[in-house]
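On the provided structure of chain X, position chain R as indicated by the hints.
Here are the chains, one letter per residue:
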Amino acid sequence: MLDTEIRKKLSAIVGEKYLLDTPNELYAYSYDATPIHQAMPDAVVMPGSVEEVSAVLRLANVHGIPIIPRGSGTNLAGGTIPVEGGIVMNMNRFNRIYEIDKQNLTATLGPGVVTADLHQAVEAEGLFYPPDPGSMRISTVGGNMAQCAGGMRGLKYGVTKDYILGLEYVLPSGEVLRCGGKNMKDVAGYDMTRLMVGSEGTLGVITEITVKLLPLPETKRTLVAYYTNLVDAAKTVETVIASKIIPATIEFLDQSTMKVVDDFAKLGLPLEMKSMLLIEQDGPEELVVRDMERIAEIARQQGAAEVKLAQTAEEGAKLLAARRSALAALSRLRPTTILEDATVPRSRLAEMVEEVERIAEKYQVQICTFGHAGDGNLHPTCMTDERDKEEIHRVEQAFEEIFHAAIRLGGTITGEHGVGMAKRNYLDLKVGAGGIELMKRIKAAFDPNNIMNPGKMFASSGRRRVVVKR
Amino acid sequence: MSKTTSQELLSKFNMDEIMNCMHCGFCLPACPTYRETGLESHSPRGRIALMKGVANSQLSVDPEFEKNMYACLGCRACETACPAGVPYGSLVETAREVVEDNKKSEAKPPFLRQLVFDKVFPYPERMQALGTALWAAQSAGLQTLANKTGLINILPRELAEMQQAVDKIASPRERKQREKVMKAEGKAALKIGMFTGCIMDVMFFETNQATARLLTKAGCEVVFVENQVCCGALHAHAGEKEGAVELAKRNMEAFERAGVDFVVNNAGGCGAALKEYHHWFHDDPEWKERAMAFVSKVRDANELLAELPPLTFSKPLNVRVTYQDSCHLAHGQGVRNQPRQLLRSIPGVELIEMTGADSCCGSAGIYNITNFDMSMQILDGKMEHVKETKACVIVTSNPGCLLQMKKGIMRAGLEGQMEAVHIMDLLARAL
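Line order of the protein sequences matches chains X and R. Numbering-wise, the first sequence is residues 1 to 470 according to the numbering used here. Numbering-wise, the second sequence is residues 1 to 431 according to the numbering used here.
Rather than coming from a laboratory, the hints here were simulated on the basis of the structure. Some hints could be false.
Claimed, not checked - With a cut-off of at most 30 Å between alpha-carbon atoms, the simulated DSS-like pairs for lysine-lysine come out as follows:
id, chain 1, residue 1, chain 2, residue 2
1, X, K9, R, K67
2, R, K104, R, K187
3, X, K8, R, K12
4, X, K17, R, K67
5, X, K161, X, K212
6, R, K288, X, K266
7, R, K297, R, K103
8, R, K217, R, K191
9, R, K249, R, K180
10, X, K389, R, K12
11, X, K212, X, K259
12, X, K185, X, K274
13, R, K67, R, K103
14, X, K440, X, K430
15, X, K17, R, K103
16, X, K266, R, K103
17, X, K212, X, K182
18, X, K244, X, K266
19, X, K266, R, K275
20, X, K185, X, K102
Chain R on its own, in the form it takes in the complex:
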C-alpha cells in the first residue's frame, strides 16, 4: 500500500496557519502537558513545529509523530495565550487526520476504535442501547460485583479506572418517557432546540432535563429535537473528519426542520464543535452557508441563561463552590463569566476561584482513557488547587470534566466531603 505523498500532506495542512505560529513560546506556560513534562515536543509550539516538519517532509508520519499528536489534550488553552491567533485546535485535528489516513492506507484500524467511531457514536439508538446495558449492569449490582470479584481486571485498566466515576444512569423507561416539548412558564419568548449530546443524554440524562427545566423557567419553550446525533467532536479530535462531517449534516438537517430560535447545549466540548461546523465545509459552499446559519444559533446553556431575565430561586444552597472551566467552553467559545455570574446568583452560594481554573483537568474527551497516566498526573495537580479553595462542590459545565472531577475526588480520598456537579444541576437544585 502506498503512503501519503508529501504533496498530499502539504495540501492537507493549512500552511498559512502553521506559518502564522511565530514560535514565540507564549503558549508554553498555558499547556498542561508541557508543564508536566518540560518537553518542547509536548508543547503547542513543539507540535506545530512537528507538523511543519511533516508537511515539509523533514519528518515522517510515524508512530512517534502519532504519539506526540495524541499526547495533546486538545484543551486549546494555547489559543487563549497565542498572540498571533493561531487556530491550534483545528491544526492538531488535521494532524490526527493525516495520521489516521496514513494508517488506513496501510492496515485495518484497531477493532475497538472502529467499533466506537463507526458503529456506536453515529447511532443514537446504539448509544441508548449501550446506556441500557450500563444501566442493567448497575441495577443488577454488577458494578459492585465486578469491583469486588476482580472481574473488573478483565477490562483494560484505563476503562476500569474511569468507569468507577460513572454515576447511576437513568433507566430506559425514564429516558423513553421524556416529553418531546416542554412548555415555557408564562408566555414563550423563545423556541429552543435542545442539543442533547450523545454521551450527555445517556450518562447525564438528568442534567439535560434540568437544563430544559431552567430554560422553561426563563421563558423558553424547549424542544428535544428528533433525529439529532452525536456532534462529531470526538470524531474530529481523533482525525475521523469524514465521520464528523456526516454527523454535522444530519444535525443541521434535524434542527433546520425543527425551526428553532437557538440550539442550546450544556456540554462545552459539543458546543465548541457545533460552533465550528462552518469550518468543516471549506470545499462545499452550499453546506458552508447552511452551517453558518446553524452556527449563528448555537448557544451554551450558560451563555443563554445569562442573557435571559434572571432566574428566581427558592432554595438557598449554603455551600462553598469552586468552578472548573470546561476548556472548550472557556478557550473554545470564550464563555468564562456567564457560568460564574449564574453561580453567584444562587442564594447562599459562595464561589471561590481556584488557581488555574481554566487549565485542563486532564479529561479531554477520551484522553483519560487513551493517555491515562498523564491524565491522572494532571488531575492530581488540579485536585491540589481544588483543596486550597476548601470548597465542598466542584462545578463543571461539560460531561467529560464532570466525570474526571468525580474521579479526582476519589483519588484525593475526599468522597463524602466533596461532590462534583454540573452547573445546570446545581442551578436546578436551587429552584
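Chain X extracted, bound-state conformation:
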C-alpha cells in the first residue's frame, strides 16, 4: 500500500484516471510472460508525457520507492515483475510514431509503440525495421529495447541494439537526457545509447526512441531440409555461412519438437528424421534465387535426406508453419512452459543440442529444442507443471546445467530474453564477479538509491519489500 501523501502526489502528477491501485488492478500487473514468478506492486501509473515521467521518478527517488518500467509485459525473464513492490510505470500511452524520415532512413517514436505497428507503418513506405521477436504483435519497441530483443531475422540483420540510434531518457533524479540521434556516425563520448539498450529498466526510463531503417527487401524465398542426424544439420549451417551466404533466417527444430508440432498442426512432417532446418533468404529476386539454389545444393552435399524449395510465398509460409506453431504445440502439452534462450557460437550448435538432450534425460524432464540455428540461439523449452514442486526442482537443476554447458561451449546464458529475475543468479557465469561489480557501479552512477527495477539483473539485493524512506 502506498502512503496516503505519496498517493495524493502521484495522483496530482498523472491524474486519478492513470493511477491504478485497486486489488484487481494491482494483481493484473503482478506478472509478465515469465512462468512462475509473481509479485504485487503498490501502484501502477500510466504517465502521458516526459514531464510526468520525470515528476514520478523524482518523487519515487526521494522516498526510495522502486520503479518498474513496463511495456506490454511479454518478456520471458521476469524483467517487469515488481519483486520488491513499488510503482509499475506502464509506458503504453507513449504509443505514437512521431516521424518516418525517408532521407535519413530513421523513425522516431514513443517507447509504447507496438513492434508490429512500427513494421506496418515503415513497410507502407517501402522501408524495413528488421527486429522481429516472437511477441512482436504485442511487444513494444521500448520493451524490445530494454531487453535487446532478437528474433528470426537476427542472423542477417542483427538484433534490436543494431537499430537503436538515439534515445531520450529520464534518470531517477528526474533529469531528462538525450543520447545519439539520427547520425550514423557519432563518437562523442561514451556510447550511452548502447548502454541503455538491454539495461532492462535498471538505469532510467526511456521516453523516446530513434531507430535505423533499411529499404524493404524486394522478395524472399524459403526452403526446408530434413536430416537423419543433428550433425549434418549443423554442418549445413556452418557450410552455408562459410560459403559467404548470409540467409535472413535459419531456424532449427529437433525431433521431439517436430513430433509435437506434427501432432498438433498435422503437417505431415517426416517424423523418422532427427532434425529439420528452415532457411529463408530475402533481397533482389535474382540474388535470392541464386542463393537458395546454392543453399539447397549445400544442404544435399552435407547429407540432408530431403530438401524442399518453396516456389511461391504461400508455399514458403506453409513451410514456416512448422516453426511458427512450435510454441503453440509445445505449450499445450503441460500447464507450464519454460522457454529458455541459451546461446552458443554457431559452430557449437550440434554439441549444444546433444548436451540439452543428455541433461533432459539425466533429470528426467521433458525438453524440446528449437530455435535460431543461424545465430546459435537455441530455445530449449521445458514442459512442466509449476504446481509440482519436486519436478520444478529438477527443471531448475536441468536449466542450471544447460547454462553451464552453454558457457563451457563459449556461449552465453541468455541470447535474447535478458537476465531479469530468471537468470540473475547465473550472470556471474558469463561476466564474472569483476564484471558484476563494474555493472553495479555503473548502475549506482545512474541510480544511487537503487530504485530502478531493483532485484533484476543482479542477485537479490536483500531489500525488504516496500521500504519507504522518509
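This is chain R only, laid out in the frame that chain X set:
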C-alpha cells in the same frame, strides 16, 4: 448468509485450463477492450489472472471482480489468438457463474435480471408476447411518439438508445401463419430442423423465413421444430448455468423427436452455444452422450449452404458489400470462409474486406445495454473501418451484430446511404 468458500471456488474453476494460460500476452492485440483501454485488467490474460487470484483466495469475489468479468465482450477473439488453446469463453462463463452464485447467497438478484433470465427467455410464448407488444407499439406509432415526446427518456438510456435500431417486426398474424414444414424444391436430399432462436424469431422473423427458403432451394426439407426454446447462450454468458442447462435439455428433446439430419441456425451466438452443449454436461454421462449426438448435427446456415449444391440466383444485386464476422461464428465456430464464399457467389456483389472484420463490433449479446459506453466506443472505431471500404451494405450473420451495425450506421450519420443486412436476407434478395 455465508459466502462461497475458497474450496468451493477452487472446485468450480477449471484450474488445469487456467494454468494452461502461460500469460504470453498474444491475446492482448486481439482483445477489443484491451485495445480501447490499454489496461491489463481489461485483457483476456488479465482476466484469467484475476480468476486465478480468486481461485487461490488472493482476491475476493467483490464488485470490482464482477465489473471486470462483465467488462469482457465474450467475443472469444482471444481464443483464435491463443497459442496454448485456452478455452477462454468457458472460463469467463464460470467466473460469472461464481459471481452470480456469490450474489445469490447474499441477496435477491435485481428484479430486471430475474425477470429476463427466469421469466422471459425460457418461455417462447412469452418471447412471442413481448414481440407482439413491440409490434403493437411500433404499429401504433408509439416509437415515433416516444421518440418525439421524450417519453423515451423514461426508459433506461441504454435500452432507449438500442431500441432505435430495431426494425419493424413481423405481425403476430404473420408469425402464426408460418408453415411448420417447407418442402424441398425437387427431391429432398436432407431433412433440416430449423433452430429459430428466441430473439431471432421475434425480431428477425423474416430472416428465418429467408433462411428456410434458401435451404429448400438447395434441396432440403425444412421443419420448424416445435417446443424448441432459447439456446441458453445468454444465460451461460451471464453466469446462469442452471437455466442454460435446462434450456439445452428441452432443445435436445425437441430435435431428437423431430428426427432431422441437421439442426440449422442463422445466429452465430446461438450456434456456438448449441455446438458446446456437450461441455455443459460434464457430470451427467447420459445427457453428455445425447448432447454429443445433438452437437454433431448442428450447422450454421452458412456452413451448410456452402457445402450444398450452389444456389441459382436470378437477380444481380450490383452492390459493394463488406462482411462483419460474427465473433461466435468466426472465433467460436471457425466459420469464416463460407459466408464470404456465399457472398461472392451472388451475381453483382463486390465484397470488400474491412480492416479487423473479425474484431467484435461491441454488440456482444447484451453488452451494448450493460456496458453501453464501451460498446459505443468500439462501434465507432468499427464504423471508421466500414467507411474505408466504401461499401453500401454491411453484411452480418448474427442478430446482435445486425442491430449493432444498424446502430452504427445511425451514429455515423450514414442512414439512407448504407444498410445493415443479415447474410440470409441478402442471399434471398438475389433468388
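Right, here's what the structure says about each hint:
A hinted pair counts as satisfied when its Cα atoms are at most 30 Å apart, and K9/X with K67/R qualifies at roughly 27 Å. For the suggested pair K104/R and K187/R, the alpha carbons sit about 54 Å apart, so the restraint of at most 30 Å is broken. Under the criterion of a C-alpha separation no larger than 30 Å, the hint pairing K8/X with K12/R is inconsistent with the structure, at around 40 Å. Among the hinted pairs, K17/X with K67/R is consistent with the structure: their alpha-carbon atoms are about 17 Å apart, no more than 30 Å.
At roughly 10 Å between alpha-carbon atoms, K161/X and K212/X fall within 30 Å of each other, so this suggested pair holds. Proximity of K288/R to K266/X is assessed by CA-CA distance (about 28 Å); at most 30 Å being required, the pair is judged to hold. Taking the CA atoms of K297/R and K103/R, the gap is near 37 Å; set against the 30 Å cutoff, the hint is violated. Straight-line distance between C-alpha atoms of K217/R and K191/R comes to about 13 Å, which keeps the hinted pair within the 30 Å bound.
The straight-line distance between the Cα atoms of K249/R and K180/R is roughly 22 Å, inside the 30 Å bound, and the hint therefore holds. With a CA separation close to 24 Å, the supplied pair K389/X and K12/R stays within the 30 Å bound. Restraint check: the Cα-Cα separation between K212/X and K259/X comes to about 40 Å, which exceeds 30 Å; the hinted pair is violated. Among the hinted pairs, K185/X with K274/X is inconsistent with the structure: their alpha-carbon atoms are about 46 Å apart, more than 30 Å.
Between K67/R and K103/R, the direct Cα distance comes to roughly 13 Å. Compliance with the 30 Å bound is thereby established for this hinted pair. The straight-line distance between the Cα atoms of K440/X and K430/X is roughly 15 Å, inside the 30 Å bound, and the hint therefore holds. Proximity of K17/X to K103/R is assessed by CA-CA distance (about 28 Å); at most 30 Å being required, the pair is judged to hold. Restraint check: the Cα-Cα separation between K266/X and K103/R comes to about 46 Å, which exceeds 30 Å; the hinted pair is violated.
A hinted pair counts as satisfied when its Cα atoms are at most 30 Å apart, and K212/X with K182/X qualifies at roughly 8 Å. For the given pair, K244/X sits about 36 Å from K266/X by alpha-carbon distance, which is inconsistent with the 30 Å threshold. Straight-line distance between C-alpha atoms of K266/X and K275/R comes to about 24 Å, which keeps the hinted pair within the 30 Å bound. Distance restraint check for K185/X and K102/X: the Cα-Cα separation of roughly 18 Å lies within the 30 Å cut-off, and the hinted pair is therefore satisfied.
Hint violations for this structure: numbers 2, 3, 7, 11, 12, 16, 18, all remaining hints satisfied.
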